[in-house]
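Novice: Below, each chain spelled out in residue letters.
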Amino acid sequence: MASSHGAPPVFNNKVIAWIDHRLPIFSYIDKEYNTFPTPRNFNYFWNFGAIATVMLVLMIATGVVLATNYTPNADLAFSSVERIMRDVPSGWLLRYLHMNGASFFFIAVYIHIFRGLYYGSYKAPRELLWMLGVVILLLMMATAFMGYVLPWGQMSFWGATVITNLFSAIPVVGDSIVTWLWGGFAIDNPTLNRFFALHYLLPFIIVAVVALHVVALHVHGSNNPLGIDTKGPQDTVPFHPYYTMKDGFGVICFLIVYCAFVFFMPNALGDVANYIPANPLVTPTEIVPEWYFLPFYAILRAVPDKLGGVLCMFGAIAVLFVLPWLDTSRVRSCTFRPVYKWFVLFLVVDVFALGVCGAHPPEGWYVPIGRLATVYYFFHFLILLPVLGKLERPLPLPSSIAEAVLLKKAA
Amino acid sequence: MSTKSKMILSATIAFAAIAAGTVATAADNEPELPKHEWGFKGPFGTYDRASAQRGYQIYKEVCSACHSLNMLSYRNLEELGLTDNQVKGLVSDIQIADIGDDGSAIDRPARPSDHFKKPFANELAAASANGGKAPPDLSVIVKAREGGPNYVYGILTGYVPFDKLSPDTIKTFNVTKDDYYNLYYPGHRIAMPPPLSDGKVTYADGTKNTLQQEASDVVEFLAWASEPHLEQRNRTGVRVILFLLAMAGLMYAVKRAVWADKH
Chain H
0 MASSHGAPPV FNNKVIAWID HRLPIFSYID KEYNTFPTPR NFNYFWNFGA IATVMLVLMI
60 ATGVVLATNY TPNADLAFSS VERIMRDVPS GWLLRYLHMN GASFFFIAVY IHIFRGLYYG
120 SYKAPRELLW MLGVVILLLM MATAFMGYVL PWGQMSFWGA TVITNLFSAI PVVGDSIVTW
180 LWGGFAIDNP TLNRFFALHY LLPFIIVAVV ALHVVALHVH GSNNPLGIDT KGPQDTVPFH
240 PYYTMKDGFG VICFLIVYCA FVFFMPNALG DVANYIPANP LVTPTEIVPE WYFLPFYAIL
300 RAVPDKLGGV LCMFGAIAVL FVLPWLDTSR VRSCTFRPVY KWFVLFLVVD VFALGVCGAH
360 PPEGWYVPIG RLATVYYFFH FLILLPVLGK LERPLPLPSS IAEAVLLKKA A
Chain C
0 MSTKSKMILS ATIAFAAIAA GTVATAADNE PELPKHEWGF KGPFGTYDRA SAQRGYQIYK
60 EVCSACHSLN MLSYRNLEEL GLTDNQVKGL VSDIQIADIG DDGSAIDRPA RPSDHFKKPF
120 ANELAAASAN GGKAPPDLSV IVKAREGGPN YVYGILTGYV PFDKLSPDTI KTFNVTKDDY
180 YNLYYPGHRI AMPPPLSDGK VTYADGTKNT LQQEASDVVE FLAWASEPHL EQRNRTGVRV
240 ILFLLAMAGL MYAVKRAVWA DKH
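In order, the protein sequences belong to chains H and C.
Take the first sequence: its letters are residues 0 to 410, numbered as in numbering that gives the first Met the number 0.
Take the second sequence: its letters are residues 0 to 262, numbered as in numbering that gives the first Met the number 0.
Derived from the structure by calculation, the hints contain no laboratory data.
Hints should not be assumed to be uniformly reliable.
What the hints assert, rightly or not - Capping the alpha-carbon separation at 25 Å, the derived lysine to aspartate or glutamate pairs in DMTMM-like fashion look like this:
| no. | chain 1 | residue 1 | chain 2 | residue 2 |
| --- | --- | --- | --- | --- |
| 1 | C | Lys261 | H | Asp74 |
| 2 | C | Lys116 | H | Asp74 |
| 3 | H | Lys407 | C | Asp136 |
| 4 | C | Lys254 | H | Asp74 |
| 5 | C | Lys117 | H | Asp74 |
| 6 | C | Lys207 | C | Asp178 |
| 7 | C | Lys142 | H | Glu285 |
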């Protein structure tokens, strides 16, 4: 097969040529993943899209095999997970890959989101690309939450109790919604059954939205660390082999850290209470969600009113949907935004502070710090972002990616 | 300094002092768990089979009177270095409830494929025989408690007799003569009587049967029961990480070579 920039591929293999003439999947792969013109100046932050994709595939692959050995029954779920760990060949490996895979999927996606925030990847013409990403995040959260319920440990049960009860804050119909979610008047077997069904379904919806995410990405191509548009072939390289190889390197580095957890500290990111079988009569002293939900949990608890807390928690994600219109600056990359750059980094500190507050009982210093951090989170998006875009004087932008790359080379 | 800023400053100091005080008392109430050296910690960790076998003896002679070990089968003991025949010998005197060929309830000698025998017929029987609360199953107990093996070891060795308690402790935790006081149990008043003591079991291999030795052995056994595939996991992990490191080096070299003309 031979092809060059822009020209349709010519397939030497007759079978491939025959198929492609009727169903152009090979042309599609060639166009989107082989010759696809990609900015030549990516840094390693641009690996995390590929890493997240690998984690999604890994979660589905391990999850399908786990599901063949799991029993979604309130009396048997806990022991069926233990049976997977003990008696299913390599069951311990599958289970620990899946359990820690959720955490590392979130790590990859959170870094991916930070990359988008810092380099302004959400700005025109990539607003829908960004919004589809937020949809993926929401679907991931729902999937992870329901997956955590399946081992039917104490934290599964009580985490599900806290989160489903949030919907009771909705006026008038709240209680009916909770009953509908539970499939009864308490969290029990029907709840576990529907959570299992949905936990199996949602990842495939995530795959579909990821496909849309990639379609939207390939309309205008990737953003880049300079945040300026590509102006011609001198600014880009073909996706393969330049970024397939770079992504391959990044993916393997990520897998090293992930495997260190899977093999040497598989329970470090989980809660010990989830090794106690669910007991509706005994409330754990502290109900804490998985680490990737802690900042949102802190926002929920920062508001002294239940409905207010729920609205703020969902608002924390909702604000990301409208982010492209909240940012008034015409410059994408923080490299050229001398003031906003520090505020983005401070937002990261703020989210970490929220995470720490979410991990501790709401007492002492954690109460005022959690509230302050919550206020700052919304202040950043709703006030700072629109105002700063107007006030800030961005640094001069380079005229092209190629020019900036050559200047850096000369320096 | 203005009066207002002085007020703010003193309020801040007072607040910080109260906060620091709260933290200090919280730390006082929770004594640090004993730091025992466990051979199964770390990426190259393995179980001490002799110790775990002694631990099984303690489980069988002491713990199994009240605590179940539901997730394990007798055949699993072979993983601790016992032969098939040794396991058959160990279980030969255990009677298991079953259903006979004619459908009637029978008791039959245990087989290696049987799950560990439960001390009580059901949860209610276990609760009513133990003051209203069933003793927890020990299958994953080491993974189910903050502090893991050190916590279980701490509980087994952390009993303080009533006459050795300070009047202050007795008052703070409402301890009476009928309570058992344990240094490491949350709230300190534990329902379980001290299960182990010096000379509680007699070891066949001549190991000295001190309280510490017994506790250490049974924790080794329970740690294995909680995570029976730990050694295989560690071995696989070392190979996986070595492979990935080599692969990362290779990918980096390929990436450098591919990009050579673009940098």
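Novice: Look at each hint and say if it fits the structure.
Specialist: Consistency of the hints with the structure:
For the hint linking C/Lys261 to H/Asp74, the alpha-carbon distance of about 61 Å lies beyond 25 Å, and the restraint is violated. Simply put, C/Lys116 and H/Asp74 have alpha-carbon atoms about 19 Å apart, close enough for the 25 Å limit, and the pair holds. For the hint pairing H/Lys407 with C/Asp136, the CA-to-CA distance comes to about 64 Å; that exceeds 25 Å, so the pair is violated. For the hint pairing C/Lys254 with H/Asp74, the CA-to-CA distance comes to about 52 Å; that exceeds 25 Å, so the pair is violated.
For the hint pairing C/Lys117 with H/Asp74, the CA-to-CA distance comes to about 17 Å; that is within 25 Å, so the pair holds. For the hint pairing C/Lys207 with C/Asp178, the CA-to-CA distance comes to about 30 Å; that exceeds 25 Å, so the pair is violated. Of the supplied pair hints, the one linking C/Lys142 and H/Glu285 holds, its CA atoms being roughly 17 Å apart against a limit of 25 Å.
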